[in-house]
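Please build the complex by placing chain F on the supplied structure of chain W, with the hints as guidance.
Each protein sequence line maps, in turn, to chains W and F.
Here the numbering used here is used: the first residue of the first sequence is 1, the next is one more, and so on.
Here the numbering used here is used: the first residue of the second sequence is 1, the next is one more, and so on.
Do not rely on the hints blindly, as some may be mistaken.
As the list claims (entries may be wrong) - In silico EDC-like cross-links for lysine to aspartate or glutamate, where the CA-CA straight-line distance does not exceed 20 Å: (1) F:Lys3 <-> W:Glu59; (2) F:Lys3 <-> W:Glu102; (3) F:Lys70 <-> F:Asp55; (4) W:Lys9 <-> W:Asp26; (5) W:Lys9 <-> F:Glu44; (6) F:Lys38 <-> W:Glu102; (7) F:Lys3 <-> W:Asp38; (8) F:Lys70 <-> F:Glu56.
Simulated from the structure, these hints should not be mistaken for laboratory data.
Note that this is a predicted model, so its numbers are computed, not measured.
Here is what each chain is made of, one letter per residue.
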Amino acid sequence: NAGVTQTPKFQVLKTGQSMTLQCAQDMNHEYMSWYRQDPGMGLRLIHYSVGAGITDQGEVPNGYNVSRSTTEDFPLRLLSAAPSQTSVYFCASSFFQSSYNEQFFGPGTRLTVL
Amino acid sequence: AQKVTQAQTEISVVEKEDVTLDCVYETRDTTYYLFWYKQPPSGELVFLIRRNSFDEQNEISGRYSWNFQKSTSSFNFTITASQVVDSAVYFCALSEPSNTGNQFYFGTGTSLTVIP
Numbered sequence: 001n002a003g004v005t006q007t008p009k010f011q012v013l014k015t016g017q018s019m020t021l022q023c024a025q026d027m028n029h030e031y032m033s034w035y036r037q038d039p040g041m042g043l044r045l046i047h048y049s050v051g052a053g054i055t056d057q058g059e060v061p062n063g064y065n066v067s068r069s070t071t072e073d074f075p076l077r078l079l080s081a082a083p084s085q086t087s088v089y090f091c092a093s094s095f096f097q098s099s100y101n102e103q104f105f106g107p108g109t110r111l112t113v114l
Numbered sequence: 001a002q003k004v005t006q007a008q009t010e011i012s013v014v015e016k017e018d019v020t021l022d023c024v025y026e027t028r029d030t031t032y033y034l035f036w037y038k039q040p041p042s043g044e045l046v047f048l049i050r051r052n053s054f055d056e057q058n059e060i061s062g063r064y065s066w067n068f069q070k071s072t073s074s075f076n077f078t079i080t081a082s083q084v085v086d087s088a089v090y091f092c093a094l095s096e097p098s099n100t101g102n103q104f105y106f107g108t109g110t111s112l113t114v115i116p
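In isolation and in its complexed conformation, chain F is listed as follows:
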C-alpha cells in the first residue's frame, strides 16, 4: 500500500489562480515527519517545508501555505496567486524514524502547470 498518496497527477491553472495540491499519508507511528519538495523543469529537488507529527499548526510562507490535519492524515499545499515559475512537479514525503534511520517515502508527485 502507498504510504503517501498524491491523487492529482497533473494540474493546470491560469496564472494568478490559487491551487491546492493534496497529500494523504499512512503511518502507524506517533512520531513522524512530513515534507514537500519541488522539482522544477531543471530537475533538482528543492526542499520547501517540513512538519513533525506533533505540530499541527498551519504555516504560511509568502504565497505558499500548508494545511496539516492529523484527523484526515492529510498535508495539503496551497499556492496563492500562482505564477509561471511555480510550474514544477511537487512531491510530498513521509519520514518514519527507526533504529535503522529515517526512511523516506515519497508520493508519485503532482505536475503543476501554470499557464500565463
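If we strip away everything but chain W, and leave its shape as in the complex, we get:
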C-alpha cells in the first residue's frame, strides 16, 4: 500500500514549457485534489475531483488543467509554465463525503519555472 505517490519530486522548467505532474493513489479514494504551497500563503486548492470523469476548479485554477480517467490517477497539467507557477505542489486524496474525511497527502513536487 503506497498511499499517495507523486512524480517527479523536483522539476525545473523554462517559461512557456508544458509538463504534467503525476499523482496516483491506491486507497480507492473517490476524492482527489491538487494544492500549491507558497510561502506565507498556506495550501491553496487548484483543482479537485470527486470521482472518475468529474473534475472542478478550486481557488487558483488558472494555468492548470486536470483530468480523471481512473479512480487511481489525477494528473495536473501546466499548459504554458510561468514563473508565478514556481511552487511546491501537493496531491491529496480522501474518501468522498465520509464522516472521517482525512486527506492523505503525497510527498510533493517542487517546481521551479525560470
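Chain F in isolation, oriented as in the chain W frame:
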C-alpha cells in the same frame, strides 16, 4: 475573507516550554470538520487530528491537546513540554461537506521553532 486564520506566523519557544497554536475558522455550515496537520522540515504533511462540529470534547494525545470551542470558532492546539522534534509548520484546516465534495480550506500555517 479567510475561512481559516492562523494569526501566529512564527513562534519560538525554548525546549520544555508549553506552546499554544491558535486557529480561528469561519463557516455558515452546521456540519463541518476541523483538522491539524504538521509539516516538518522534510516537507511532507502529517495528519494530527480531526474533529467534527458536533464533538466539542477536548482531546489529549500524549503531549498534544486540542481545545475546540464553537462559541469562539476556535480550534487551538497545545504542545506540552515542547521538544526539538516539534519544530515544524503547523496547519489548521476546515472542511465543509457539499454535494461536490469536501472542500478543504487551509490556514497560512504557524512555523514553530523549538530551541534546545
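20 Å limit on alpha-carbon distance, applied to hinted pair Lys70 (chain F) and Glu56 (chain F): holds (7 Å)
Pair hint Lys38 (chain F) and Glu102 (chain W), alpha-carbon separation not exceeding 20 Å: The given pair, whose Cα atoms are some 13 Å apart, holds under the 20 Å limit.
Restraint status (C-alpha distance of Lys3 (chain F) to Asp38 (chain W) at most 20 Å): holds (18 Å)
Given hint Asp26 (chain W) paired with Lys9 (chain W) - CA-CA distance at most 20 Å: Holds: Lys9 (chain W) and Asp26 (chain W) sit about 19 Å apart, inside 20 Å.
Distance restraint between Lys3 (chain F) and Glu102 (chain W), which requires alpha-carbon spacing of 20 Å or less: holds (18 Å)
Given pair status - Glu44 (chain F), Lys9 (chain W), alpha carbons within 20 Å: Distance of about 12 Å is within 20 Å: holds.
Restraint status (C-alpha distance of Lys3 (chain F) to Glu59 (chain W) at most 20 Å): holds (12 Å)
Distance restraint between Lys70 (chain F) and Asp55 (chain F), which requires alpha-carbon spacing of 20 Å or less: Holds: Lys70 (chain F) and Asp55 (chain F) sit about 10 Å apart, inside 20 Å.
The structure shown violates none of the earlier numbered hints.
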